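What follows is each chain in one-letter form.
2 protein chains.
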Amino acid sequence: MEFELTPAIEILKRTPATLNSLLRDLPQPWLVQNEGPETWSPYDVIGHLVHGEETDWIPRAKIILEHGETRAFVPFDRVAMFEESEGKSITELLDTFAQLRAENLRELQALNLTSDLLNKRGRHPELGVVTLRQLLSTWVGHDLGHIRQVVRAMSKQYRDAVGPWRAYLSILEE
Amino acid sequence: MEFELTPAIEILKRTPATLNSLLRDLPQPWLVQNEGPETWSPYDVIGHLVHGEETDWIPRAKIILEHGETRAFVPFDRVAMFEESEGKSITELLDTFAQLRAENLRELQALNLTSDLLNKRGRHPELGVVTLRQLLSTWVGHDLGHIRQVVRAMSKQYRDAVGPWRAYLSILEE
Chain A
6 MEFELTPAIE ILKRTPATLN SLLRDLPQPW LVQNEGPETW SPYDVIGHLV
56 HGEETDWIPR AKIILEHGET RAFVPFDRVA MFEESEGKSI TELLDTFAQL
106 RAENLRELQA LNLTSDLLNK RGRHPELGVV TLRQLLSTWV GHDLGHIRQV
156 VRAMSKQYRD AVGPWRAYLS ILEE
Chain B
6 MEFELTPAIE ILKRTPATLN SLLRDLPQPW LVQNEGPETW SPYDVIGHLV
56 HGEETDWIPR AKIILEHGET RAFVPFDRVA MFEESEGKSI TELLDTFAQL
106 RAENLRELQA LNLTSDLLNK RGRHPELGVV TLRQLLSTWV GHDLGHIRQV
156 VRAMSKQYRD AVGPWRAYLS ILEE
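Here the protein sequences come in this chain order: A and B. Using my numbering, read the first sequence as starting at 6 and increasing by one per residue. Using my numbering, read the second sequence as starting at 6 and increasing by one per residue.
Same shape as in the complex, but just chain A (with noise of 0.2 Å):
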């Protein structure tokens, strides 16, 4: 599938929701165990997104189109959260994170994209030259790849309880 603004703004604007489904008012052991050492829990995963409101996506966006590929984008701190998300409930989280998400979305819309501002070229501090477009899609990708990582660390708490079922659900051993 190529990337258009339209269809990618859809599934944007709908992980708020599908998190607040998933996790709001769920008891705190499905919401605070992760899959191991160095793994990410379902709260853990929410302090990050918000903190890709806050300094990835439109922040990114903006140097790309403003500087093209002559400033690079500022690192992306990937476990900012640890300390960010400190004394914080998931309840307040997931606030935080649907209120951002819809000035980001508010922020996309009045840029006014085109079909050559999309093809635009920013440069990645590590991967080098990338369009917006590509930065988009991947804001996208990056969401879907989280909602994944909440749903399987759920899902790992329960490996021993469904007992020889466990040959038949993969999502136990990923």
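Rather than coming from a laboratory, the hints here were simulated on the basis of the structure. If you're wondering where the values come from, they're calculated on a predicted model, not measured in any experiment. Please note: incorrect hints may appear among the correct ones.
Same chains, same names: a pair is fine if it fits in one copy or spans any two.
[Unchecked claim] Okay, derived cross-link-like pairs now, SDA-like style, lysine to any residue, Cα gap no bigger than 20 Å in a straight line: (1) K18 to G133; (2) K67 to R128; (3) K18 to R29; (4) K18 to L31; (5) K125 to P169; (6) K67 to G133; (7) K18 to E178; (8) K67 to W170; (9) K18 to Q114; (10) K18 to T96; (11) K93 to L70.
Using the hints, position chain B against chain A.
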């Protein structure tokens, strides 16, 4: 995590809303594209979940409660949806799933399952002896596995669109 009825129901009752948030009114290409030969689209998955509500979880729970290990479950047809979903819109399937899930959770509550009843054994036609507790844990794991599958199928539509970021998005390679 040990299986407990109340937190498990918390997950089971959320799945229709999660799938609605992900899929309802999405542009058609997101719904019907799968991950390649012998894989399922989001549309296929919802039909499969409908069939599970009709023939798998509660019917099997009742077989365990009524017949214990003396009667094996009827084998579950994993691909029944390829015929059963024919001619139905995704909206219709999502509505049917939500309605059947709500009915099944009412039936589950009405069974008044005690810890002793949850430990009752039944017979799976392939896996052999299983408990009611394991069956209900699997219902939860099966939901989460198929949410994961829907999200993965959607994300793969952008496998090429993300350009160099493909290196960072492990969901595109699963």
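Going through the hints against the structure:
1. K18 to G133: neither (28 Å within a copy, 45 Å between copies)
2. K67 to R128: Classified as within; 12 Å inside a copy, 60 Å across copies.
3. K18 to R29: both (17 Å within a copy, 13 Å between copies)
4. K18 to L31: between (22 Å within a copy, 11 Å between copies)
5. K125 to P169: between (53 Å within a copy, 15 Å between copies)
6. K67 to G133: within (17 Å within a copy, 59 Å between copies)
7. K18 to E178: neither (30 Å within a copy, 24 Å between copies)
8. K67 to W170: between (49 Å within a copy, 18 Å between copies)
9. K18 to Q114: within (12 Å within a copy, 35 Å between copies)
10. K18 to T96: both (18 Å within a copy, 19 Å between copies)
11. K93 to L70: Result: close neither inside a copy nor across copies, 34 Å intra and 44 Å inter.
In summary, the numbered hints that this structure violates are 1, 7, 11.
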